[in-house]
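K.L.:
Quick note, the sequences are listed as chains F and X, same order. Residues 1 to 458 (the working numbering) make up the first sequence, in order. Residues 1 to 458 (the working numbering) make up the second sequence, in order.
Just so you know, these hints were derived from the structure itself, not from any lab. One or more hints might be untrue.
Put simply, identical chains are the same to the list, so a pair is met inside one copy or across any two.
Keeping only pairs whose Cα atoms sit at most 20 Å apart, straight-line, the calculated SDA-like set for lysine to any residue is [to be verified]:
| hint | residue 1 | residue 2 |
| --- | --- | --- |
| 1 | Lys367 | Met329 |
| 2 | Lys126 | Gln428 |
| 3 | Lys156 | Arg241 |
| 4 | Lys367 | Ile340 |
Below, each chain spelled out in residue letters.
There are 2 protein chains.
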Amino acid sequence: MNRLTNDLIERLRALLGADHLSVALAERELHARDQSAHPPHLPDVVLWPTTAQQVADVLRLANDARVPVTPWGVGTSLEGNCVAVRGGILLSLARMNQILRVHADDFQVTVQPGIPYKDMNAELAKYGLFFAPDPGANATIGGMLANNAAGIRTVKYGASKDNVLRMQVALADGRLIHVGSRSVKQSSGYDLLHVFVGSEGTLGVITEATLKLTPIPAYMSAVVASFPSVEKAVEAVVAIRGSGLDPAALEFIDEAHARMLNHEEGVDLGEQPVLFMEFHAAYEETLRLGLEAVQQICDELGASRFRATTDNAERKKLWHARHHSYEIMVRLHPNDKIYIMDVAVPISVYPALIACAREALAAENVKGYMIGHAGDGNVHVELLHHDADSYQRAMAVNRAIVTRAIELGGTATGEHGVGLGKRPYMAQEHGAALDVMRALKHTLDPNGILNPGKIFPE
Amino acid sequence: MNRLTNDLIERLRALLGADHLSVALAERELHARDQSAHPPHLPDVVLWPTTAQQVADVLRLANDARVPVTPWGVGTSLEGNCVAVRGGILLSLARMNQILRVHADDFQVTVQPGIPYKDMNAELAKYGLFFAPDPGANATIGGMLANNAAGIRTVKYGASKDNVLRMQVALADGRLIHVGSRSVKQSSGYDLLHVFVGSEGTLGVITEATLKLTPIPAYMSAVVASFPSVEKAVEAVVAIRGSGLDPAALEFIDEAHARMLNHEEGVDLGEQPVLFMEFHAAYEETLRLGLEAVQQICDELGASRFRATTDNAERKKLWHARHHSYEIMVRLHPNDKIYIMDVAVPISVYPALIACAREALAAENVKGYMIGHAGDGNVHVELLHHDADSYQRAMAVNRAIVTRAIELGGTATGEHGVGLGKRPYMAQEHGAALDVMRALKHTLDPNGILNPGKIFPE
């Protein structure tokens, strides 16, 4: 890999215009780290292309010069996915942030990659439609697709990969291709769409995407229930899904998390594992019947507390503590940093995973809160640390949980992607398939210029 | 590509056992064609491996000898996808047809590829679960995954690609890898799972699959409604989907098809475009409310006939004509063959596609019936032909419709795959991405032994 030369900078400036390139330290520092604890790295230059062709041209120039290119949405990733660890070009898609076309009758929208999904959804609300994946932080569509972001409502609506139909992608050698189709049914040749979704900018740069949209549900209900054990909470998850109730969110928090919310928010969750649920329906009557069934399931499994509502204001109140739990945690631990780890397993082994996490936290004397998208078997353990020693211990907990998740038939990452942090686990999880991933990388990016240092163990 | 030698046959016999290999003409003829009109080709040998390792070993031997291998499920494909057009080895997965494990609490099942999906679903019914994609013919799971088969209920439950989590795959060089994970949320490295799904046996052979299952719905309703025009029928599709009613099936037939069913089945559909619908719910009350809403939508759009029911027996009667329409057509045209073509477009341009089909049928004087999964924008035109001339004219109609579908932003195939018949359209549909598909093929199957002659234009 080569360093960026002044000559290349001049060619990039000529390509994009002086306003769309910066070598200023302040800009480079603004693009040096994501929201994770992974250490920052300064890129040599920050670029803001405004067209797909410019993105392709930047890649061609960088490829010819063997200079690294790291794509950047808005920097909300959690595993260092968009940190330019080899320097070179930081390619910000922030100025390609337009909705190009709303295909309302097709329940689709075509957008540029730099649009933040909450901003897009605010506009789409006018059409009664929304893009369902919801990672929380106001990530860009390009970043969500590149990391296959998911979130709370994935249990009903799927992850980013399930809500995209077609993309335009710039390849490392400067070709601009389209993958997928605006047809929702597709069996025409290889599924290149999903080759690029989740590839974290290491195979190509997404320059445009047509997304699948969902009608905004007419009615929503909420349930919060506390269970005597993780096992009982998981039994409830299985029973609720098995009953065909099709929850739109099925969130888990552990005792430590519940205790924190009880204390800080004045809620009464008990010091027990808690499930937060949401249901969507076209009719209020469906929700009412559903809540009866959910209550019966929860009662039979010994739920100590059960609150349910079909009222919008009440629903928001019930979920308030869950939605604000991260900021509550930050406020409560002003001297700590928080490492949010992410694994996912088949739901039947969720209790075993939680037990492993609990043991590892105790063994390493690390303070941690567990929160998870239980409907998907996804769990995040929020690991507190404040110095080098506690960071090392938090990382030991992380290792124990990730290793166990893979042993249990799960994955090292359900929604944060591999980035920097999950590279050490790729061989354990994928075995010989990791060689196939390497071959794919070599086929599409033979010079290794795209987001180098990510996904693959060194 | 080399011919099969006696030496290789002996090595294959030693590997599999004499009972699992045949060079008999009768067996070769049984594996020479699928259910399409594409001409048969005799393979040189038929193999029935019984383990994944045997599949991998067969591929290694074939790869070393540069002999073609064409995987085979049960031969129900519709574009010649499993026809051994270069001879060589026909690899039947028919004897790898076991359910390996039902993960009931995870809503998953792990199976061998040769199990027919209807047989599998009969067993899974004991657990209250089913695999949702339903291509109609009793295809094998391996074949469905290899072709990304879909069917009637895709509008709610997705295609095969949306209902698979993990596979074991044998590669051309004899490596056996696993792709995906039993975790429903996955963002760990490249999505190799979807590289192999829909690759029609040209990149690897699926030797095991873990499928996503759905609880069998407690209640189902049916609606049949006739509309004054295709435009009005499509408006109904959009309005029903937009209302959040989440139909489980939304099927279209054209006037010609309706006329045939009226005459042969004694049903009263009118000689108009007709929509057949199905809705699934956990509560009968939800269905009742849904039917009211659907009726209102259909009334407003001028539906001349509307029948709806939540009764099971009545529902089956309403759908009977639709489910049996293919055999009715065959009976009605004893001297004709039927070429079932398959394209899909965004629903907003469905009327334009149907108009194009109608014009092409008239221009070429070809008798055709249209039937489609309108909820997905998918249409099949069933083209009748009886001699070389009428076959050529039917193919001209096919070309006109496929070309138009691609122009309209759709795809050359929504669910039948490329096989032999759709190769000529790959460049038009995919442009430069076709080169990327070729590169992927070369990476995974450098000697081109896997199902040669498919997907790529010559």
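K.L.:
If a hint holds in the structure, say so; if it doesn't, say that too.
P.N.:
Structure-based check of each hint:
In this homomeric assembly, Lys367 and Met329 come within 20 Å of each other (Cα to Cα) only inside a single copy, at 11 Å, whereas the closest approach across copies is 69 Å. Taking the shortest Cα distances, Lys126 and Gln428 never come within 20 Å of each other, neither inside one copy (46 Å) nor across copies (35 Å). When the C-alpha separation of Lys156 and Arg241 is checked against a cutoff of 20 Å, the pair qualifies both within a copy, at 10 Å, and between copies, at 16 Å. Within a single copy, Lys367 and Ile340 get their C-alpha atoms as close as 12 Å, which meets the 20 Å cut-off; across copies the closest is 62 Å, which misses it.
Comparing the model with each earlier hint shows a violation of hint 2 alone; every other hint is respected.
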